[in-house]
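2 protein chains.
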Amino acid sequence: MPGDDRQTTWLSAELRELISDGPLAHLATINADGSPQVSAIWIGLEGEDVVSGHMGRNLKLRNIERDPRVVLSFTAPREPGVFLDPYAVLRASARITPGGAWDLLNRLAKVYMGPDQEFPAPKGEGFIIRYTIQRVGGVGPWATR
Amino acid sequence: MPGDDRQTTWLSAELRELISDGPLAHLATINADGSPQVSAIWIGLEGEDVVSGHMGRNLKLRNIERDPRVVLSFTAPREPGVFLDPYAVLRASARITPGGAWDLLNRLAKVYMGPDQEFPAPKGEGFIIRYTIQRVGGVGPWATR
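Protein sequences, first through last, are from chains X and Y.
Sequential numbering of the first sequence, starting at 1, is according to the working numbering.
Sequential numbering of the second sequence, starting at 1001, is according to the working numbering.
Treat the hints with caution; some may be incorrect.
What the hints assert, rightly or not - From chain X, some residues computed to sit far from chain Y (all C-beta separations above 12 Å):
{"hint": "1", "residue": "13"}
{"hint": "2", "residue": "20"}
{"hint": "3", "residue": "33"}
{"hint": "4", "residue": "46"}
{"hint": "5", "residue": "57"}
{"hint": "6", "residue": "67"}
{"hint": "7", "residue": "68"}
{"hint": "8", "residue": "85"}
{"hint": "9", "residue": "91"}
{"hint": "10", "residue": "99"}
{"hint": "11", "residue": "123"}
{"hint": "12", "residue": "125"}
Unchecked claim - Covered stretches of chain X, going by a simulated chain Y footprint (3 or more residues, C-beta under 8 Å):
{"hint": "13", "segment": "21-32"}
{"hint": "14", "segment": "35-42"}
It should be emphasised that the hints constitute simulated quantities derived from the structure, not laboratory data.
Here the structure is a predicted model, which means the values were calculated and not measured.
All C-beta atoms, glycine included, are put in the ideal place defined by N, C-alpha and C.
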């Protein structure tokens, strides 16, 4: 159902589990000149939303303010002898909300760095990006095409 | 040196080693409507070139024919307790040449699948994408910014 932007349809249990495991996600946005821009980011779940936290208003946020069309892609742990390791490609519409970034990043630090880790940056408000998932692709039980 | 498109400048020994280890790479291209498109692909080295092989003329190849500006991004193996795992983001100009895809993919199958594996698709000519690397970013010894 391309064009259907109800997010909850697409977050299967398997995809939620993959996200909860803390894969480094590649966030693709569009630069002002129309070229692609990619950053590696932490992602997490907040209820039914996929979210990420950012302490500064950097290039990817400025790109999203201009064009909310993004792609998040990330791989599951590697399996030897497999043609293509499981991976997910999420086409999404991104929106930025101010505040809450440090608390989110500190929560994700427990997943991405270790259970006793604190997010290693000064506390601050920052920004949260919320992703409305429009299509889930890739290879794995979450792929809808 | 953004804008400098000499590829050989940027492929450090560490980056060549990371590519040779067979990371699943995220290839970002631009769709006709200006939105980002991402596929997970195998990549390899052919002399000083970064290359990938494709049996069919699919969406990413059609996107590259229209706009050669792409980003390749991939992560090194995960290290516990590290703030951001090493990863590479390569801004590149892509060009497509016909033929040779199956042989390249069969060589890469030894890296991505296992030393005794044959590429699991019918033999054919296909296409090779060659990437002229314009900037290397990310986190790791290969990052130039």
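Against the structure, the hints come out as follows:
| no. | hint | in the structure |
| --- | --- | --- |
| 1 | 13 | holds, 22 Å |
| 2 | 20 | holds, 15 Å |
| 3 | 33 | violated, 8 Å |
| 4 | 46 | holds, 21 Å |
| 5 | 57 | holds, 18 Å |
| 6 | 67 | violated, 7 Å |
| 7 | 68 | violated, 10 Å |
| 8 | 85 | violated, 6 Å |
| 9 | 91 | violated, 8 Å |
| 10 | 99 | holds, 22 Å |
| 11 | 123 | holds, 16 Å |
| 12 | 125 | holds, 20 Å |
| 13 | 21-32 | holds (count 5) |
| 14 | 35-42 | holds (count 6) |
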